[in-house]
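S.K.: In the UniProt record's numbering, the protein residues as written are 1 to 141.
Rather than coming from a laboratory, the hints here were simulated on the basis of the structure.
Cβ coordinates follow ideal geometry from the N, Cα and C atoms, glycine included.
Misleading hints may appear alongside valid ones.
[Claimed, not checked] Okay, the calculated beta carbon distance ranges per label pair:
no. : residue 1 : residue 2 : range
1   : ILE115    : GLU84     : 16 to 24 Å
2   : ARG63     : ILE131    : 30 to 38 Å
3   : PRO116    : ALA81     : 15 to 23 Å
4   : ALA28     : ARG85     : 31 to 39 Å
5   : GLY21     : LEU61     : 24 to 32 Å
6   : LEU137    : ARG111    : 33 to 41 Å
7   : PRO97     : ILE6      : 19 to 27 Å
8   : TRP139    : ARG85     : 19 to 27 Å
9   : LEU137    : GLY5      : 15 to 23 Å
10  : ALA36     : LEU61     : 14 to 22 Å
11  : GLY5      : ARG111    : 16 to 24 Å
12  : LYS78     : VAL24     : 21 to 29 Å
13  : ILE127    : THR2      : 32 to 40 Å
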Amino acid sequence: MTELGIMFSGAFFAATLLPGGSEVLLVALLNKTPEAWVALVVVASIGNTLGAMTSFYLGRLGRLAKSPEASATGKHAKGLALIERYGVWALLLSWAPVIGDILCLLAGWLRLALIPSLVMILIGKTIRYLIVAAAVLQWMA
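Let the sequences and hints guide you as you build the complete structure.
M.R.: See below:
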């Protein structure tokens, strides 16, 4: 598997409800092939966004089992409050550890619009990878 395939897989699985550190993988691959930084950031962003959209759709399916109102307490309460206050804009935080996965799941559960959700998730995740790449490349210079 190529570096881009490894980056895509790592980023995809890190964005689902499975634990993973795609930033660490990006750093390692940037150290190996710094000239491929643009491709690595693009592939990581797409993979991580598609993984987040998996959580989004799991949220839609989860609505069949339990209403959003029934989950207004507990570990989802903070994410639910963010989405209720900021709507789709809260998904710019989809990159954040712990809360990001919950935001994507709840966005699907609350049936937020697909395209705006996808765009906000992609923007948030791309900015995160750009910051990581810039820091690594600056450190290497």
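S.K.: Are any of the numbered hints broken by this structure? If so, which, sorted upward?
M.R.: Structure breaks hints 8, 10, 11, 13.
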